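Asker: In case you want the letters, here they are:
Protein chains: 2
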Amino acid sequence: MKPLILISNDDGYLAKGINALIEMLRPIGDLLVVAPDHQRSAAGCSITTEVPITSKIVRQEEGLTIYSCTGTPADCIKLALNQHASRKPNLVVSGINHGTNATINEHYSGTVSIAKEGTMHGIPSIAFSLCDFDADANFAPMTPYVRRLAEKVLEKGLPYGSLLNVNFPLAETYKRIKICKMALGMWKDEFTRHEVYYNKDYYWLGGVNIDDDPNDVLTDNWALNRGYIAITPIKIDETDYSLMDEVSSWDL
Amino acid sequence: MKPLILISNDDGYLAKGINALIEMLRPIGDLLVVAPDHQRSAAGCSITTEVPITSKIVRQEEGLTIYSCTGTPADCIKLALNQHASRKPNLVVSGINHGTNATINEHYSGTVSIAKEGTMHGIPSIAFSLCDFDADANFAPMTPYVRRLAEKVLEKGLPYGSLLNVNFPLAETYKRIKICKMALGMWKDEFTRHEVYYNKDYYWLGGVNIDDDPNDVLTDNWALNRGYIAITPIKIDETDYSLMDEVSSWDL
Chain A
1 MKPLILISND
11 DGYLAKGINA
21 LIEMLRPIGD
31 LLVVAPDHQR
41 SAAGCSITTE
51 VPITSKIVRQ
61 EEGLTIYSCT
71 GTPADCIKLA
81 LNQHASRKPN
91 LVVSGINHGT
101 NATINEHYSG
111 TVSIAKEGTM
121 HGIPSIAFSL
131 CDFDADANFA
141 PMTPYVRRLA
151 EKVLEKGLPY
161 GSLLNVNFPL
171 AETYKRIKIC
181 KMALGMWKDE
191 FTRHEVYYNK
201 DYYWLGGVNI
211 DDDPNDVLTD
221 NWALNRGYIA
231 ITPIKIDETD
241 YSLMDEVSSW
251 DL
Chain B
1 MKPLILISND
11 DGYLAKGINA
21 LIEMLRPIGD
31 LLVVAPDHQR
41 SAAGCSITTE
51 VPITSKIVRQ
61 EEGLTIYSCT
71 GTPADCIKLA
81 LNQHASRKPN
91 LVVSGINHGT
101 NATINEHYSG
111 TVSIAKEGTM
121 HGIPSIAFSL
131 CDFDADANFA
141 PMTPYVRRLA
151 EKVLEKGLPY
161 GSLLNVNFPL
171 AETYKRIKIC
181 KMALGMWKDE
191 FTRHEVYYNK
201 DYYWLGGVNI
211 DDDPNDVLTD
221 NWALNRGYIA
231 ITPIKIDETD
241 YSLMDEVSSW
251 DL
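The listed protein sequences derive, respectively, from chains A and B. When we follow my numbering, the leftmost residue of the first sequence carries the number 1, and every step to the right adds one. When we follow my numbering, the leftmost residue of the second sequence carries the number 1, and every step to the right adds one.
The shape of chain A in the complex, shown without the other chains (with noise of 0.2 Å):
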């Protein structure tokens, strides 16, 4: 029996992204599909918990099912894991992205949190991004690499409550992989202002993202930059276990 691999992204089923990525794993394993029905980018581990959702089959052939659900890419992943995945998938993966989804961004990202999901569920996940926010973003050179890291994952899985975070840099070609943190920095000007009648103002989220050390060659944002594949290793368990002893200390 082929291993079942589970996707989703936070594109939506259509966009061109996750067309690639199921294209690049039918060769190597049987395929579940439950993806947002619209573009859900930014969504962060958002769930959906005041209204209920629904999901319906868009295509179903030999080795290959793909469902449009109207949830956050969390959700997806929940609905698909409970209610409709024949078994346990051997592996999630998500994307691919159309955009990065290095550095703390990360947090916001609705890719890595289906990665984050099929963690917390105990099944070894991958996220893959591609620094290209086009909706037309050639994939085809991913290929390779994509495919050979789910079968490396599927044969060597990941230790319980970590997944890995792919992002590939804009190139025709690519450099080596390179194994990184995440660079930790900040947005500035994050939003302009723009007046409307009667005094009502609103605002766009857009700005500046900025390295704290962009020099770090540690870094997944460095790497990027300079044309590597960035492979991040990142842990579900958040907690800060030095500032514990720190806090412990405090006269509370």
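Among the clues, some could well be false.
Copies of one chain are not kept apart here, so a pair can be met inside one copy or by any two copies together.
Computed list of lysine-lysine pairs in BS3-like fashion (alpha-carbon distance at most 27 Å, straight line) [as the list claims (entries may be wrong)]:
#, residue 1, residue 2
1, LYS235, LYS181
2, LYS188, LYS2
3, LYS88, LYS200
4, LYS56, LYS181
5, LYS156, LYS175
Simulated from the structure, these hints should not be mistaken for laboratory data. In this text the structure is predicted, and so the values were computed from the model without any measurement.
With chain A's structure known, arrange chain B on it following the hints.
Answerer: Just chain B, lined up with the frame of chain A:
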């Protein structure tokens, strides 16, 4: 000059919890409140990228300004810092949430996302939650603890990139404070399925949270289940450094 404290929540600016928090903190700082205009529970770190957001002042008096905002909890902090704060806040405080934000469910939390956003902007940040989802929950017993912890963080600061996630048990009086790690675990039976006309099903998110090790005395959930106040230090940097070596050894 009093410290400037930026406050938000994910239950909306009208919730009892945030108004309790405002009264608790008024004696120790000037307060800028920018909070969602409606319920935004389980928003995670989601942000609004596809449509603009608006905000308006709903209350203004000496030492206190309250804005309601159409954005997510994370948007509220970004907007406050970029557009509404007259100086850089000394502290970001979120909550008090109606309901727990302990364990891995912290990833879904809008309350914690506020403290993460403050932290990413280099401001010491605390998230407060009470294990009581009731809209009329009794926050009064929390008062001395919340005030003291806010004062302590104003005095001591927090290391860059880390925040405190503070959960209070459902109790009239509390045992002492415990400094904890996040309980790992997963949700089971997450969706219930309901059928409507024309073979159209819908699903409601629910389920039961299961800790991996309910007897681990170091976890936040262990502490809360026994009447302790749980303080969990959380890191923005989710890199799994130990896994970097392992993946580096793979033949990729």
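Asker: What label fits LYS235 with LYS181 when the C-alpha limit is 27 Å: within, between, both, or neither?
Answerer: both (11 Å within a copy, 14 Å between copies)
Asker: Up to 27 Å between alpha-carbons, please classify LYS56 paired with LYS181: within, between, both or neither.
Answerer: Classified as neither: same-chain Cα gap 38 Å, cross-chain 39 Å, threshold 27 Å.
Asker: Tell me, please, which holds for LYS88 and LYS200 at an alpha-carbon limit of 27 Å: within, between, both or neither?
Answerer: Answer is between; shortest inter-copy Cα gap is 25 Å, intra-copy 51 Å.
Asker: At 27 Å max between alpha carbons, let me know whether LYS188 reaches LYS2 within a copy, between copies, both or neither.
Answerer: between (47 Å within a copy, 26 Å between copies)
Asker: Taking 27 Å as the upper bound on the Cα-Cα distance, should LYS156 and LYS175 be classified as within, between, both, or neither?
Answerer: within (24 Å within a copy, 45 Å between copies)
Going through the hint list in order, the structure does not satisfy hint 4, though it satisfies all others.
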